[in-house]
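Chains as they are written, first to last, in the working numbering: chain P, 1 to 480; chain Y, 1 to 484.
A hint or two may mislead.
[Claimed, not checked] Mimicking SDA-like on lysine to any residue, the simulated pairs with C-alpha atoms at most 20 Å apart in a straight line are:
no.	chain 1	residue 1	chain 2	residue 2
1	P	K134	Y	N336
2	P	K134	Y	L340
3	Y	K378	P	T102
4	P	K134	Y	K375
5	P	K430	P	G451
6	Y	K97	P	P44
7	Y	K354	P	F87
8	Y	K375	P	F87
9	Y	K375	P	K430
10	P	K134	Y	I338
Hints in this document: simulated from the structure, not taken from any laboratory. Nothing here was measured: the structure is a model prediction, and the numbers come from that model.
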Amino acid sequence: MEPATEKYEAVIGLEVHTHLLTRSKLFCGCAAAFGAGPNENVCPVCMGMPGVLPVLNRRAVELAIRMGLAAHCSISEYSIFDRKSYFYPDLPKGYQISQYETPLCKGGYIDIATSGGARRVRLVRIHMEEDAGKNIHQDGTSLVDFNRSGVPLVEIVSEPDIRSAEEAGAYLRELRNILRYVGASEGRMEEGNFRCDVNVSVRPKGATEFGTKTEIKNLNSFRFVEKAIAYEVARQIETLAAGGRIPQETHLWDPDREETRPMRSKEFANDYRYFPEPDLPPLRVPAELIERIRTAMPELPADRRARFVRDFALSDYEAALLTEEREVADYFEAMLAAGLGNRKTAANWVMTEVLRVVNETGSPLADAVPPPAETGRLLKMVEEATLSLNAAKTAFAAMCKSGGTAAATVGELGLVQVSDEGAIATACDKVIESEAANVAEYRAGRDKLFGFFVGKVMKLMGGKANPKIINEILKRKLAG
Amino acid sequence: MELCRLTIAEARALLARREISAVELTRACLDRIAELERRLNAFITVCAREAIAQAEVADKRLEQGGAPALCGIPLAIKDIYATRGVRTTCASKILEKFVPPHDATSIAKLRAVGAVFVGKANMDEFAMGSSTENSAFGATRNPYDLQRVAGGSSGGSAAAVAADECLAALGTDTGGSIREPASFCGVVGIKPTYSRVSRYGVIAYASSLDQVGPFAKSVRDAAIVLRELAGIDPRDSTCSARPVPDYERALTGDVKGMRIGVPREYFVEGMEAEVEGAVRAALRHYETMGARTVEISLPHTDYAIAAYYLIATAEASANLARYDGIRYGLRVPADNNIELYNRTRDTGFGAEVKRRIMLGTFALSAGYYDAYYLKAQKVRTLIRRDFERAFETCDIIATPTAPTTAFKIGEKTADPLQMYLSDIFTISVNLAGLPGLSMPCGYDSHGMPIGLQIVGAPFGEEAILRAADAYERSGAIARRPPAI
């Protein structure tokens with residue numbers, strides 16, 4: 001008999017909340033930055049003092065439109081904000097300003113690559129809203145930090161087009177890449193500026209109706225999203241296969257036990273009582289503004305990936321790795337601009353040396369490694385054979401620490417490769433002279449000794465001679 | 001000469017000529033407050049020390065000459081305006097000890113021109129009421145008859161002006177809260193076009209209806225204060241960028257050829273005969289001055305109160321959610337959040353506020369939104385269109401401000417629906433976002449003032465002020481100050 005898992009398919013939709021990269025909050029002038037001391041970035045407006053009013057941050061609207069355009073959404077020239085009412089200590093006004101019936105962006109899709117091939121995940125909408133503060137429970141008391149209150153968010157809602165945990169992961173990674181590419185968000189889950197809720201249901205394969213869904217919250221890493229989906233899908237299939245029913249519930253992911261658990265119904269039984277926010281006029285986005293933003297859009301990850309494969313003859317894997325972060329891809333292209341002929345060498349260098357340093361130091365790319373033009377100059381020396389690949393690695397490590405230029409570092413460390421044929425020929429002569437016995441053996445047919453002579457010459461040249469030239473000259477002289 | 005009885009126009013001349021000082025003027029008002037407050041209860045907080053300090057600063061400015069019109073003028077401020085460093089209660093127990101860190105834009109503007117704030121005026125809690133009986137600090141009494149209400153919700157502001165405790169006052173008007181108390185207390189009160197004055201820092205009751213406006217002893221004074229308040233505010237996205245005219249210059253005294261619309265739906269059953277008589281007499285007087293009256297129809301008038309009590313309460317249910325005991329204001333501790341909210345709000349809010357929060361919450365609930373809130377918004381559109389159509393045949397509209405004069409304290413508290421009818425003539429004007437004012441047009445047989453409401457087209461403040469000023473200056477009625 002076919003196992004139960006083969007008879008069912010999962011139907012998954014994701015709701016992603018991500019902070020927009022603005023300097024100030026959505027409705028007041030307070031800094032939106034992460035990391036300040038508790039309640040340092042607050043004012044009467046984001047504290048919900050009596051009588052205060054919201055004023056919309058234009059930059060946030062532009063970033064949301066950028067995201068919408070990147071995800072192929074249609075941008076609404078007219079949208080309105082709504083109040084979403086619920087009581088919670090971190091929600092200072094007792095309502096969140098959000099968008100309900102008329103989101104800023106409608107439709108759209110994200111294309112993803114999966115082990116089963118390319119898939120398209122359609123979007124329902126992208127809307128703007130403000131974030132809430134943060135409750136902190138310590139020493140038996142509860143405190144609230146309102147720094148995050150009013151920070152601009154977009155909520156990106158997918159259609160239930162996702163069929164597996166793997167696809168969900170691929171979707172989230174692509175979404176995050178796009179957000180970072182267009183400069184809309186940093187997309188960092190660990191700082192809470194990229195959050196994800198998951199809706200999961202299962203149904204018999206071939207069915208057209210949806211099963212009853214479970215909503216899973218508290219997922220703060222991609223790995224948790226994948227694990228939670230896998231867990232929940234298995235749980236639902238098991239329940240259905242045993243003749244059980246799935247109640248519509250909200251679950252919390254417990255990362256310690258690696259399982260989802262239903263929340264108490266009291267925690268989510270909300271009637272949000274949406275109605276249009278009377279303190280904000282309707283948001284009108286002129287078609288010209290949308291066009292201006294569209295024209296200024298950077299190249300998107302998918303397009304860049306395709307271009308890297310096409311123009312630089314890179315593999316799909318290499319192109320994907322290089323384009324995952326916009327700054328890495330930018331770095332790679334800036335290196336090429338230094339006149340490098342061999343793109344594979346440059347690509348390998350970025351994927352190994354550059355990313356290794358970035359990973360090791362944990363610093364942003366720009367702080368961790370030399371400017372791309374200098375790295376490009378360094379690799380150019382390898383290409384022109386004035387530097388060996390090993391010497392280049394030594395120089396690169398030094399440059400990362402000192403911030404020196406390629407030329408100065410190679411000079412200071414005495415790494416320049418000698419290609420002077422006269423000097424190399426002299427060294428070869430000396431070795432042949434002092435190793436007469438071995439030379440005789442070689443000439444008698446012991447080819448293996450060639451490497452031994454190369455080593456001797458290299459040693460004599462202090463390790464800086466161009467090995468290719470040593471090979472040529474030595475071969476000629478030994479043959480003579 | 002009792003300085004507190006001066007109008008702004010009179011005081012401004014005397015101050016400019018240095019015949020009186022701002023400190024003298026302020027002290028006169030503070031003395032008057034000290035004399036009357038125990039009987040009137042027009043103020044929640046009197047700011048004697050701060051007012052004298054402000055007057056001293058104003059005197060220095062006046063000394064140098066060229067000071068703004070309101071420099072050194074003592075004003076009462078409805079306790080709904082956030083005043084930095086001065087307790088702002090909104091007449092609610094829930095904000096009994098709340099001292100805001102911010103100034104309302106209107107307050108900031110008046111501070112900048114050197115106005116003096118003698119105190120925070122009493123009101124219905126969160127501006128919900130028509131009599132100032134819904135105040136956690138006790139009802140304000142009408143200066144014409146201490147057994148009667150001052151009207152509401154800005155009853156303290158109206159009474160303070162009528163009783164000469166200040167020269168003018170700020171109120172707010174969501175459904176008639178400036179015009180009805182102005183009518184009951186025999187003073188001038190104007191609610192400008194929605195968006196004409198910033199709402200920033202004015203504690204919100206119903207955001208799409210609330211509007212700021214002045215009370216004054218004369219139309220001219222109201223025009224002077226309004227000019228300082230009106231205009232764009234970067235803190236209020238709903239505030240109009242339209243340039244602000246010099247309202248005082250609109251007061252030409254000339255109403256010749258002006259077409260005054262008289263809505264047939266506004267002379268209703270239940271209206272006091274003396275009120276109707278006084279309003280009809282005023283209209284006849286306008287005709288003698290060269291204006292023309294034309295009958296108009298506002299066919300959706302009957303639905304206004306119902307629409308108002310859905311829209312206003314829906315917005316209020318959200319606006320008042322922030323009073324949760326977490327960040328400021330009253331907190332009644334409990335074991336968990338839900339219980340803390342329940343106890344805080346149960347203790348902190350009065351009965352009428354709770355009633356309206358519940359009404360609004362219900363109107364917005366899942367499954368009821370379309371039938372109530374959405375339907376009410378449609379009615380609102382119809383009411384706005386009624387006025388648009390009416391203004392095709394007239395320049396201003398004249399009606400009674402309220403169907404009755406000030407009623408007895410306690411007379412309507414047991415019957416909220418009766419109380420709601422006090423605003424039957426004013427509410428439509430808020431729903432349509434129009435400017436409206438109330439001015440005295442006579443007194444009933446008990447000596448209680450009767451109010452005439454004049455309504456303008458959007459941003460038609462100049463027209464209604466001109467019409468009101470012309471009437472006032474014509475000597476059609478002899479003003480009778482309260483005997484208090």
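Numbers of unmet hints, in rising order: 4, 8, 9
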